[in-house]
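Assembly of the complex is requested from the two constituent chains, each provided in isolation within its own frame, with the hints serving as guidance.
Chains as they are written, first to last, in the numbering used here: chain C, 1 to 545; chain L, 1 to 73.
Hints in this document: simulated from the structure, not taken from any laboratory. The model shown is predicted, which means the values in this text are computed figures rather than measured ones. Ideal Cβ placement from N, Cα and C applies to all residues, glycine included. Please note that the accuracy of each hint is not assured.
[Unchecked claim] Derived list of chain C stretches under chain L, where covered just means 3 residues or more per stretch with a C-beta under 8 Å from a C-beta of chain L:
hint, stretch
1, 36 to 50
2, 204 to 218
3, 241 to 251
4, 342 to 349
5, 530 to 538
The residues making up each chain are set out below.
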Amino acid sequence: MEEEFLECDVLCAGGGIAGLMAAIRAAELGAKVIVVEKGNVKYSGCGRSGNDHFETYIPEIHGRDMDVFIDELLRTAKGEILIGREIYHTQFAKAFDIVQLWEKWGIPMKYKGKWEFAGHSFPGRAMTHIKYEGRLQKTILEREALERGAQIMNRVMAIDLLGNGKKICGAIATHTREDKLIIFKAKTVILATGKCSRLYPSLTPGWMFNDPHGGVQTGDGRAMAFRAGAELQNVEMPQRHIGPKYFTKFGQATWIGVLKDPHGKPVGPFVTKPDRRYGDMIMEVNKEVAEEYGRSGKGPVYMDCTDITKEDYEYMMHWMKHEGNISLLDHMKEEGIDLRKNPVEFATYPLRCGGLIVTNTKAETNIRGLYAAGDEAFGDISAAATFGWISGENAAAYAESTEVPSIKNEKDKIDENKRRIVQIRNRECGPDWEEANIALQQVMNDYAGSVRNEALLKQGLSHLRRLKEKAKTLLIARNPHEIGRCLEVLNMLDIGELVFLMALNRKETRGLHVRPDYPFTNPVLDQAHVIRMKKNKSVIEWRNY
Amino acid sequence: MPPIIDLNKCIKCGQCVDICTEDVFYGSKEGEVPTVTYPKECVHFSGCVYVCPVPGAIRLRFPLPILLVYKPE
Numbered sequence: 001m002e003e004e005f006l007e008c009d010v011l012c013a014g015g016g017i018a019g020l021m022a023a024i025r026a027a028e029l030g031a032k033v034i035v036v037e038k039g040n041v042k043y044s045g046c047g048r049s050g051n052d053h054f055e056t057y058i059p060e061i062h063g064r065d066m067d068v069f070i071d072e073l074l075r076t077a078k079g080e081i082l083i084g085r086e087i088y089h090t091q092f093a094k095a096f097d098i099v100q101l102w103e104k105w106g107i108p109m110k111y112k113g114k115w116e117f118a119g120h121s122f123p124g125r126a127m128t129h130i131k132y133e134g135r136l137q138k139t140i141l142e143r144e145a146l147e148r149g150a151q152i153m154n155r156v157m158a159i160d161l162l163g164n165g166k167k168i169c170g171a172i173a174t175h176t177r178e179d180k181l182i183i184f185k186a187k188t189v190i191l192a193t194g195k196c197s198r199l200y201p202s203l204t205p206g207w208m209f210n211d212p213h214g215g216v217q218t219g220d221g222r223a224m225a226f227r228a229g230a231e232l233q234n235v236e237m238p239q240r241h242i243g244p245k246y247f248t249k250f251g252q253a254t255w256i257g258v259l260k261d262p263h264g265k266p267v268g269p270f271v272t273k274p275d276r277r278y279g280d281m282i283m284e285v286n287k288e289v290a291e292e293y294g295r296s297g298k299g300p301v302y303m304d305c306t307d308i309t310k311e312d313y314e315y316m317m318h319w320m321k322h323e324g325n326i327s328l329l330d331h332m333k334e335e336g337i338d339l340r341k342n343p344v345e346f347a348t349y350p351l352r353c354g355g356l357i358v359t360n361t362k363a364e365t366n367i368r369g370l371y372a373a374g375d376e377a378f379g380d381i382s383a384a385a386t387f388g389w390i391s392g393e394n395a396a397a398y399a400e401s402t403e404v405p406s407i408k409n410e411k412d413k414i415d416e417n418k419r420r421i422v423q424i425r426n427r428e429c430g431p432d433w434e435e436a437n438i439a440l441q442q443v444m445n446d447y448a449g450s451v452r453n454e455a456l457l458k459q460g461l462s463h464l465r466r467l468k469e470k471a472k473t474l475l476i477a478r479n480p481h482e483i484g485r486c487l488e489v490l491n492m493l494d495i496g497e498l499v500f501l502m503a504l505n506r507k508e509t510r511g512l513h514v515r516p517d518y519p520f521t522n523p524v525l526d527q528a529h530v531i532r533m534k535k536n537k538s539v540i541e542w543r544n545y
Numbered sequence: 001m002p003p004i005i006d007l008n009k010c011i012k013c014g015q016c017v018d019i020c021t022e023d024v025f026y027g028s029k030e031g032e033v034p035t036v037t038y039p040k041e042c043v044h045f046s047g048c049v050y051v052c053p054v055p056g057a058i059r060l061r062f063p064l065p066i067l068l069v070y071k072p073e
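Chain L with its partners taken away, still in its complex shape (with noise of 0.2 Å):
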């Protein structure tokens, strides 16, 4: 379920929260580490990850429905 966030590594800031345009992390609350509220609504375009200032603390696990199709070697 993307998001994910690492609780050891979250400083709280809520700069994923302010950013998400679908709301994904709706009712957090400020100074706490987000709520991933609703996942089915995340549209993966990573924003949360590259406005987060601490690498680690929030990643998208893509979800098994939309796993990229190719041709092994």
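Chain C on its own, in the form it takes in the complex (with noise of 0.2 Å):
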């Protein structure tokens, strides 16, 4: 097998937007930036094909007191990431200064001139969202990085942090399209690989990559920074969402519709008739809400946008494009669904896995020269953007600041990471990656899904490691794009035996995490649930946001 050595200040595992916002950062600066992305960083991550919210607070408009602005925006799906207030204070500090950059790169963030905000907010209250035209965003951001002297590395994935613990000095990453390992020798690595979509079923569970988070995030950079012995927090909190029925797509708000029961009555309290400003919010309040039809004999429920007025629905199909969802509209074109005459039904969507990697304000983890950004840390759009750009910086200051780290005593790892794919590659015969994800979809799904306890929890696990243990030693990849898909198979399974630890220690009822053994809440553990490896042993502790 092939191996490369390759140098760098700064290494960004991932090319999504908080990847390529942390790139365009530190080459300005002037550090030498690679950015590695296992697919293409013109197609990949959450905002792949588009967007059309970016939150951002604008003291002229919203009051000198951004506490104000921050609490109405936890009353929305906000809410459900758990993390420190200083944190927001951080994000609306610099939101619209990214915005105001976006702008000036090509992102158009105005519409007619003027901030448009709508959407994700409640009829009455202060609005929270702008609305910007995202279609091309990832395509003009990686011509920031590029003007600004980042390497960009497609079809490379980041598989494993080199270092003691304490302090970074590099990666491993795999091509996924030949046979070739390349270890990077990186003052700093910046984490940015996005979320974790196969690890629960899909809606469609024969169809695994129907995913509206598309189908390779896999917690890549939540495993690598385990093993390397960062803290991961509330991994077993999951999430769930609410959108179209089998055409699985983001974008709940951008519809401008009202939620409604098969008799035509709405679902929620918040609107009876489409109004382009707000959306049907109970879809933020509740996105269990379609399944709960579902289940006691009321559903299905249907997104009706049939009032919809004429300039209110070429201003949604407007937004549709520029969220990401043109494919969802050439299908309706295809098969005759007009959203003026067709209510169309949503459902809720699967569990996923929820959590992050835990990091300070700077983007810092707690091992140094590791930081983390976006959906890694803690997610949208606006989120990644800003703290994308607050790790390069960060992280650029930090390279000029040290040495270039030796690599001399990762010798036995890197022989490990090629030991372990050069047997993957090797097997005539055993499970593909397909056969492993499955397994384990199912044992995530029956034994740490939406119910849970502790007899089933422990089965799960012991179940869980059984197949780690059989992945790990009979798993087979007939080409280096499977070789690809193997290792994200191993690094749901590390993430998949984390759910399960820390849903045992959760001995309480909250959110999603439902415990029948113990239904309440406890208000004593409204704190961080951290998860971190020590001396090879998993350490879990509570301590305050």
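Below you can see the structure in the form of structure tokens.
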């Protein structure tokens, strides 16, 4: 197997919104930056085909007290993410600067010449998100990164970090189109690989890649961070989403309609007619509403846009394109579905893995030289763009102050990764990545799903560990592409194990972590639930946000 | 099986192969009509369709399990 050695100041693992923003900022501060992206940065990450909402605080509009703005924001879906207040303060002190930068770079952040606030807000309350035309955002951010001298390596997947558990000194990556290992000697690494999308079954279990995140965000960064000694938080707290049934796509706030039952009665209390300013906030208040209606015999529920005005319909279709839902529009056209005439069924999407890599306001983890941003730390476009920028700025400053690290103590780890890949490649028969992924999804769904208890979790953990051992020793791959998929599954097996360990330790019911053996929410546990590896053992602790 | 390439229209530029993050076209050779090697890994975002310089040379056939459910008039 071929090996290549490269050196840089800042290595960005993942080239989504956060990874590219980190690269842009670090490169313009003079750092030598390399972005590794297992797909293509032009079309990777959650922002791959566009977005149309960017939350931003503008003092002239929202008033001088930022906390009033943050309080309003936490009433929306943003409130699901459990982090310290100072993180929000940092985001919103910077977000509007980023908005203006994007506008300057050619991502249209204004609508008809002004900031257009709409969606993700309650009727009569402060508006928190501006609309923007993000369809080409990835191409533009790629251009800005290249112009500043960042090097972008597509089809390269970071698979493990190098370092001694206290300080980072690089990373190992594999090429997804060639049998090649790339070893990076790096002063800093910024993890920006997104969420973990194939841990639980999709809405269409036979069609695994039908996921609104895309199919390849597989918790790579979290798994690497944990193995390297970084802290992860609340990994056991699942998240759910709501959207069009079967054709799973994000963009609930882009729909201008009313969520209704089969008899035309609105499901929520917020709107009775389509309104371009708000959408229907019931979907943010209760993402399980579609599932609950189904289960109780009141469903299905429909997104009903049939009362929409001509102007609002055109407005919605304009933003659908920028939210990245062009393929949905193509599909509706092919099928003769007209939103002015046909309500479309909405579904609660299945569980997905939550949690984050613990970072501070500088996007630093507990390991020196290791940063995390975007969905890896805490998500949405505004947070990814802002903390991507902040991580790049701090990584560049740190890189400037430190010597080029040595990787001479890392030989064992490099060899171990190499051996692992060669073994998978050389096996002639055994389970492929898909078989292992299906088995993993089964155990996650059945034993760490929407209802959990101690016996169930213990049984699931033991079964998952058996699967993990088998995957480690039996997986096969026919080519470098399948090697990438195998490594993704191995990462998800690590993450799955953490979900079980942390779910067992969270002896309460909170949000979507439902434990009938501990049915109450324990106010004392309103804290960060943190796990990390110490001397090859996982250590879990509670501490204040 | 998404995507579908029209052999008569494809100019073999490879832009779809280049842009696909899931690498559905893995193994395609430069200068040849792309091969759809991993159709089930398609995420139906239509990146390949919109990057293609020739209208109609590539399209997605949305698989039956993901058909949108709607209320007829």
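- Examine the stretch 204 to 218 of chain C: at least three residues should have C-beta closer than 8 Å to a C-beta of chain L. Answer holds; 10 residues pass the 8 Å Cβ test.
- Query: Under a C-beta cut-off of less than 8 Å, do 3 or more residues of the stretch 241 to 251 of chain C approach chain L closely enough to confirm the stated coverage?
  - Reply: holds (count 5)
- Item | Within 8 Å of chain L's CB atoms, at least three CB atoms from the stretch 342 to 349 of chain C: coverage verdict | holds (count 4)
- Item | Coverage of the stretch 530 to 538 of chain C by chain L, judged on three or more residues with CB within 8 Å | violated (count 0)
- Task: Given that the stretch 36 to 50 of chain C was listed as covered by chain L, double-check it with a C-beta distance under 8 Å for 3 or more residues.
- Result: holds (count 8)
Hint compliance for this structure: hint 5 alone is broken.
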